[in-house]
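My request is simple: use the sequences and hints to build the entire structure.
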Amino acid sequence: MLRKIVFLALSLLILAALIIVSAASGTIRIPFKDVLSVLILFDRTGFGRVIWDVRMPRILAALLVGAGLSLSGTVMQSVLRNPLASPYTLGLSSAAAFGASFAIVFLGAGTGTTSTIIISNPWTVTFSAFFFSILSTAAILILTVLTRISAESMILAGIALGSLFSAGLTLLQYLADSVQLASILAWTFGDLGRAYRQSLIITALALFPVSFLFLLYRWDFNALDTGEETAKGLGIRTGAIRIVGMTTASLLSAVIVSFFGTIAFLGLLAPHITRKILGGDHRFLLTASPLTGAILLLGADTAARTLFSPMVLPVGIVTSLFGGPLFIYLLILRGKK
Amino acid sequence: MSFRYNSTPILRNLSFSVQDGEILSILGPNGAGKTTLLKCLNRVLTPKEGTVFIDGRDTRDMSLIKVAKRIGWVPQRGEISRMKVYDLILLGRKPYFKWGPDREDHRQTMEIIHLLGLEALALRYADEISGGEFQLIQTARALAQNPRVILFDEPTSSLDISNQHLLLAKIRSLIHSNPRAAVITMHDINLALRYSDKFLFLKNGYIRAVGSKEIIDSPLIKEIYDMKAQVIEAGGYPLVIPV
Numbered sequence: 071m072l073r074k075i076v077f078l079a080l081s082l083l084i085l086a087a088l089i090i091v092s093a094a095s096g097t098i099r100i101p102f103k104d105v106l107s108v109l110i111l112f113d114r115t116g117f118g119r120v121i122w123d124v125r126m127p128r129i130l131a132a133l134l135v136g137a138g139l140s141l142s143g144t145v146m147q148s149v150l151r152n153p154l155a156s157p158y159t160l161g162l163s164s165a166a167a168f169g170a171s172f173a174i175v176f177l178g179a180g181t182g183t184t185s186t187i188i189i190s191n192p193w194t195v196t197f198s199a200f201f202f203s204i205l206s207t208a209a210i211l212i213l214t215v216l217t218r219i220s221a222e223s224m225i226l227a228g229i230a231l232g233s234l235f236s237a238g239l240t241l242l243q244y245l246a247d248s249v250q251l252a253s254i255l256a257w258t259f260g261d262l263g264r265a266y267r268q269s270l271i272i273t274a275l276a277l278f279p280v281s282f283l284f285l286l287y288r289w290d291f292n293a294l295d296t297g298e299e300t301a302k303g304l305g306i307r308t309g310a311i312r313i314v315g316m317t318t319a320s321l322l323s324a325v326i327v328s329f330f331g332t333i334a335f336l337g338l339l340a341p342h343i344t345r346k347i348l349g350g351d352h353r354f355l356l357t358a359s360p361l362t363g364a365i366l367l368l369g370a371d372t373a374a375r376t377l378f379s380p381m382v383l384p385v386g387i388v389t390s391l392f393g394g395p396l397f398i399y400l401l402i403l404r405g406k407k
Numbered sequence: 202m203s204f205r206y207n208s209t210p211i212l213r214n215l216s217f218s219v220q221d222g223e224i225l226s227i228l229g230p231n232g233a234g235k236t237t238l239l240k241c242l243n244r245v246l247t248p249k250e251g252t253v254f255i256d257g258r259d260t261r262d263m264s265l266i267k268v269a270k271r272i273g274w275v276p277q278r279g280e281i282s283r284m285k286v287y288d289l290i291l292l293g294r295k296p297y298f299k300w301g302p303d304r305e306d307h308r309q310t311m312e313i314i315h316l317l318g319l320e321a322l323a324l325r326y327a328d329e330i331s332g333g334e335f336q337l338i339q340t341a342r343a344l345a346q347n348p349r350v351i352l353f354d355e356p357t358s359s360l361d362i363s364n365q366h367l368l369l370a371k372i373r374s375l376i377h378s379n380p381r382a383a384v385i386t387m388h389d390i391n392l393a394l395r396y397s398d399k400f401l402f403l404k405n406g407y408i409r410a411v412g413s414k415e416i417i418d419s420p421l422i423k424e425i426y427d428m429k430a431q432v433i434e435a436g437g438y439p440l441v442i443p444v
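Protein chains in written order, with this note's numbering: chain A, 71 to 407; chain B, 202 to 444.
Just so you know, the hints here were simulated from the structure itself, not pulled from any lab data. Note that this is a predicted model, so its numbers are computed, not measured. Backbone N, C-alpha and C fix where the C-beta goes; we use that ideal spot for every residue, glycine too. Possibly wrong hints are sitting among the right ones.
Now the in silico label distances, taken between C-beta atoms and shown as ranges [to be verified]:
hint : chain 1 : residue 1 : chain 2 : residue 2 : range
1    : A       : R114      : B       : L324      : 46 to 54 Å
2    : B       : F254      : A       : L283      : 35 to 43 Å
3    : B       : G251      : A       : R404      : 40 to 48 Å
4    : B       : L324      : A       : V215      : 40 to 48 Å
In structure tokens:
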């Protein structure tokens, strides 16, 4: 229990520190004591305008997206009984990227001027991305129901659909003109700079009910971890849990990916780190892994904004860059044990 | 009761019963349908024809949760997740949870931990204990379901000889001291003879014999396992020795 309390306290502390650092850093450097006073007093003048209007939406996006992707990954790994399951590995991101590109190429959502690339109609792109990720999830679910609802068939269906959508994406890129191509590319980099009031509100509206639902099912997830038959023997309708878990986790990640693009590895990495520290009990995992996800993504985004300042990198590149090696390191740790 | 996978019949027209305080061993060669039979009893698998009654009630009319309150389940190889032993035993109370475990669930969990002498293990992680200890934990979890019958699928298959006897002796005392029954699938006929009250021999999905230890003789062993054997008496128990 002590370990859990220490984990919770430490991660909240790190998160608070990261929020302050992130609010302070950027093209205009703001001293920490000014950041604190602006945050505490809700001051919206001077530095306050920079913090509240420019940096805070981005920080909030990092928190919501990090928590959401991590939560989805945790639940997918549990219901699919596979440590590799995540919104990214199950083809959801590919489907969303295909949807966004489809909107850019065929629905005229991406046009450009000579010097900058503009996605002229972000809502069309978002809706199209969302539609195709939901389509892919529905296809996975239908395929698994047809082939009896086993965890393996869900994963295999996800991988198959993911590669199908990747192929479709390549085709679209081939058909696109150079401006559209640039828009597609810009979309696929996961970027928190797209945080607006509406997207943040919608993401939060998806995140909180889904978290609550998952917490209701925490003991069912624990039972699933003891094996399919054991769970059934404990009175759990494993097929139903699997479908509910997959549907809601996919919906949540579809919302996130449609607004913010592909942010690789986070949904895989954050649950693994949390499991490593706290064990596999979902009572703790479902509250702690969103925290880990939020810390990782806010850290990555702060790095993305400051490493090559004044250039701001899309955070998706940073998570892929550091996520891969970190994941390998976790694997080595596990091998040593 | 009958059971098919797709269209291949695995179990055909079985009918048997088990009483309170009784341990029934299901024996038979590999592929006879022992484990399938066990899984049909608590609806991990659903029989194609026929049904299972418990206390005179048809399990087909019961929800899985209601079945889980009456039938405990100890799988052969449960997957080992990184959870505390205490919480794994508490998981046996899952059929009784509303929002989560209440005081009564914790009380019963503690009672079972004391009953099985698992105090030293309770706060350890399940992936850090031995195979014999894990089987005890799975048994404890099934007991926490507070069932009328506990099903064990080859509980001794991965245990050394001393742990085999320790586990079965424990199971025997648990069943005999309470109004509750056990159904166990077994490979080791001599272990079964030592610890069970009743035997059911299964071959190719048919019941070949049911009864107490008196039914076990050389012709039966020959019929079931296609092997010559002698049945002798040792230490007050029958012993099957291949010849």
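Cross-check of the supplied hints:
1. A:R114 / B:L324: 46 to 54 Å: 51 Å, holds
2. B:F254 / A:L283: 35 to 43 Å: Given a distance of about 36 Å, which is inside 35 to 43 Å, the answer is holds.
3. B:G251 / A:R404: 40 to 48 Å: 46 Å, holds
4. B:L324 / A:V215: 40 to 48 Å: Since L324 (chain B) and V215 (chain A) have Cβ atoms about 41 Å apart, the given range 40 to 48 Å holds.
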